[in-house]
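Chain residues, written in single-letter form:
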Amino acid sequence: MSVIYILITVSLIVAVIFFVAFVMAVRSGQFDDGYTPSVRMLFEDELVEDADKNENSEPSK
Amino acid sequence: MDHSCYHCGIECDTNRIEFDGKPFCCNGCKTVFEILSGSGLSGYYELEKTPGISPEVKAGKYDFLENEELQHRLLDFYDGEMAIVNLYIPSMHCSSCIWVLENLQKLDSRIRSSQVNFPKKTARITFRSALSLKALVMLLTSIGYEPHISLDDYEKKKHSTNRSLIYKLGVAGFAFGNVMLLSFPEYFEIDEFWLNQYKPFFRLIMFAMSLPVVFYAASDYFTSAWKGLRSGILNIDVPIALGIAVLFLRSSWEIFSGTGQGFFDSLTGLLFFLLLGRYFQQRTYDFLSFERDYKSYFPIGITRINTKGQEEPVDIYKVREGDRLLIRNEEIIPADAILIRGRARVDYSFVTGESDPATRVSGDTLFAGGKQIGEAIEVEAIKDVSQSYLTQLWSNEIFQTDKNTRFRDLTNSISRYFTIVILCIALVAGAIWFYLDASKAVPVITAILIVACPCALALSAPFTLGNMLRIFGRRKFYLKDAQVIERMAAVGTVVFDKTGTITSGKGNEITYHGDTLARNEASLLRSTLRNSNHPLSRQLYELLDSYDILTLDHFNESSGKGVEGVSGSAKVRAGSPEFVGVSTDGAPLKTTVHIGINEKYKGTYTFYNKYRHGMAGLFKRLKKHYDLAILSGDNDSERENLEKLLPAGTRMFFEQKPDDKLEYIRFHQQEGSGIMMVGDGLNDAGALQQSDVGVAIAENVNVFSPACDAILDAEKLDALDGYLSASRKAVKIIKYSFVLSFLYNAVGLFFAVTGQLSPVVAAILMPLSSLTVVAFTTLATSWVGKALK
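Respectively, the protein sequence lines represent chains D and F.
Be aware that the first sequence starts at 1, since it is given in this note's numbering, and climbs by one per residue.
Be aware that the second sequence starts at 62, since it is given in this note's numbering, and climbs by one per residue.
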């Protein structure tokens with residue numbers, strides 16, 4: 001049953017890794033702006049080509 | 062066919078420009094489209110229909126950016142090769158804006174990258190210094206994203222945001238989760254071989270994990286309690302800090318003496334919930350600034366004419382007495398000055414509340430803060446910027462004090478009694494137990510202090526007010542912080558500014574008295590007015606838009622007097638009484654235009670302020686609960702109209718200078734009533750700061766508004782009474798949830814006093830009380846919010 005010492009140690013190490021990841025995320029400014037990245041990830045570079053194709057079919061309001 | 066501009070969406074019918082098969086309302090919008098599609102950025106229009114803002118470039122406006130010293134002040138980073146600048150761009154409003162602003166490098170290869178922070182409406186742009194800062198700003202302006210650069214940017218603020226609360230929350234959450242897991246096996250007090258074997262190991266880990274929670278995450282509570290005690294105030298943090306300390310000491314003692322498992326789970330959980338409440342309350346509106354003074358209104362640089370007669374951009378703080386300055390159209394006069402050359406039409410509406418632009422001729426004194434409209438003028442400064450009449454208002458001591466320290470909030474006023482009562486109970490119970498069973502006295506005293514730790518009490522206000530703040534925000538009423546709601550609930554008098562606050566900034570109401578104008582006479586008048594740029598002419602011209610335009614044989618404008626037009630045999634004169642040839646006997650204070658046809662007086666147009674929608678109703682509803690007053694910087698020509706609008710007994714004061722307004726508020730505060738000031742301009746800044754709640758009215762919340770506690774969208778002004786009553790209800794909710802948390806405390810105290818508080822009871826009771834309070838306040842505030850218009 002002394003395996004439990006190893007298990008607890010391992011689980012704590014895993015927990016601490018996640019905690020360090022959290023601290024690093026805060027440090028890099030991930031929590032400063034909670035909105036813009038959610039929009040940014042939806043942009044794609046190839047949108048320009050699509051735009052040229054769609055221009056003719058652009059429905060008029 | 063679509064008639065709205067492809068770029069900005071404004072209806073364009075008369076002067077529509079066709080380009081590439083798309084309609085544009087103006088050349089500016091067309092240019093932006095050309096720039097964007099030429100650089101392969103037409104995807105802009107794919108993301109959002111008509112996302113653009115039509116650009117408005119004024120020549121020479123950004124000349125001051127050529128000044129090297131100013132450049133260094135604005136740049137965040139510069140190494141001779143690369144530069145980084147952080148610009149505030151108020152016009153960004155949709156996802157298309159983010160896209161185009163983050164693709165600036167496609168417009169100009171010298172731009173390396175840019176990153177947008179949408180909630181703060183800023184863009185951080187990295188560019189090679191081959192591109193000048195001025196060129197960058199001009200580029201942004203030309204595509205409709207004009208950055209706002211003001212004197213506020215002069216003092217470089219450290220950009221480091223305070224993230225310590227998030228770290229603390231993370232630490233507490235981490236410890237809470239893990240400690241809960243480790244303490245679980247012992248909850249059931251099973252006497253089992255393996256459990257007993259590992260007990261000391263588990264307890265040691267829990268102890269280790271609670272250390273950062275107590276010494277790091279809880280540090281704010283200890284410092285705040287210590288500060289409170291030193292200044293003789295028993296604030297809410299005193300019982301909290303006491304509870305945390307006792308929890309930690311007793312738990313440590315228990316595990317090291319082997320008498321029990323301690324309360325580490327309750328300790329870490331308590332702090333996690335408390336910090337969560339704090340985080341909830343702290344979050345407010347990043348994109349609004351509530352701390353603005355004249356500095357965000359003033360430009361950072363100005364054009365000076367040096368001794369050789371050349372124009373040079375100069376830092377505004379370098380302007381000295383005797384300097385010659387060039388003020389262009391729409392530019393702000395930065396210091397008190399004497400007009401040297403040009404015709405000044407100065408709009409002081411933001412400074413004094415006076416609604417009509419004042420005409421000045423050379424030799425007249427111009428006060429700082431006015432905005433020149435029309436041609437460029439030359440002035441000579443007679444004072445330095447910081448000593449001007451307007452800027453001196455900010456030297457009043459009221460601007461140095463923080464409002465939250467001037468008022469004590471509900472939680473802290475209740476905690477005074479709470480702390481004393483808890484200490485008494487602990488002492489009495491301890492004394493009784495000392496006689497019954499001396500060994501149990503210390504455990505009972507500590508148990509009382511632990512269970513009485515006012516976690517739920519401390520959470521009531523943050524969650525109620527934080528939620529209310531968000532509800533108000535969705536209804537375009539933006540508060541600086543949650544404490545404002547408590548102060549709103551205590552308001553007894555509501556004071557309004559007139560110009561720009563209860564009257565709308567745009568347009569006047571115009572009435573006509575006299576002989577009716579014949580159709581051809583009206584046409585002639587309109588044709589004549591068409592040639593004049595005077596604001597009254599423009600307004601009258603628009604009023605008469607149903608009449609035809611005639612060709613004039615003759616037109617003449619005498620500045621400050623009126624206009625004259627001749628067509629065929631008919632002649633019209635419009636302007637001042639002397640110009641038209643009538644004697645003035647009526648009210649000279651009103652803004653009027655007199656009309657004469659063929660040297661004969663016909664009638665008079667009178668201009669009245671246009672009041673915002675629903676004002677009469679608002680005043681009527683407010684009158685039931687509050688005293689009302691009007692403080693206007695304008696003259697009393699509107700008194701009659703206001704009397705019709707306002708309920709009887711409303712006090713009205715006219716020609717109030719900024720200092721007078723401040724003093725009026727201060728005087729009435731001494732009488733003991735809470736005052737809400739509703740204003741809009743710099744002239745109200747002192748009064749807004751002095752009042753218990755200062756509300757700034759803004760037609761567009763992103764543009765400048767003076768320092769205040771709350772910003773209210775102008776179209777929602779008629780709902781002000783609803784916000785006030787909601788804030789009173791919010792305070793009621795806090796009181797109810799106080800009762801709720803007292804009930805939990807009573808139950809907990811029963812266990813503690815009778816000496817039966819086991820860790821498992823504490824571990825259930827403490828989170829349960831917090832959760833009940835959070836659930837109750839959230840539901841109750843949402844219910845109140847639904848009742849709002």
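Derived from the structure by calculation, the hints contain no laboratory data.
Built from N, CA and C at the ideal position, the CB exists for glycine as well.
Hints should not be assumed to be uniformly reliable.
[Stated by the list, open to error] With beta-carbon atoms standing in for the labels, derived distance ranges: (1) D:I13 - F:W287: 49 to 57 Å; (2) D:F31 - F:S65: 36 to 44 Å; (3) F:P261 - D:V10: 18 to 26 Å; (4) D:I13 - F:R291: 40 to 48 Å; (5) D:I13 - F:L829: 52 to 60 Å; (6) D:F31 - F:S292: 19 to 27 Å.
Status of each hint after checking the structure:
1. D:I13 - F:W287: 49 to 57 Å: Violated, at about 37 Å.
2. D:F31 - F:S65: 36 to 44 Å: 39 Å, holds
3. F:P261 - D:V10: 18 to 26 Å: Once the Cβ atoms are compared, 20 Å apart, the range 18 to 26 Å for D:V10 and F:P261 holds.
4. D:I13 - F:R291: 40 to 48 Å: 43 Å, holds
5. D:I13 - F:L829: 52 to 60 Å: 33 Å, violated
6. D:F31 - F:S292: 19 to 27 Å: Between D:F31 and F:S292, where Cβ atoms are some 33 Å apart, the hint is violated.
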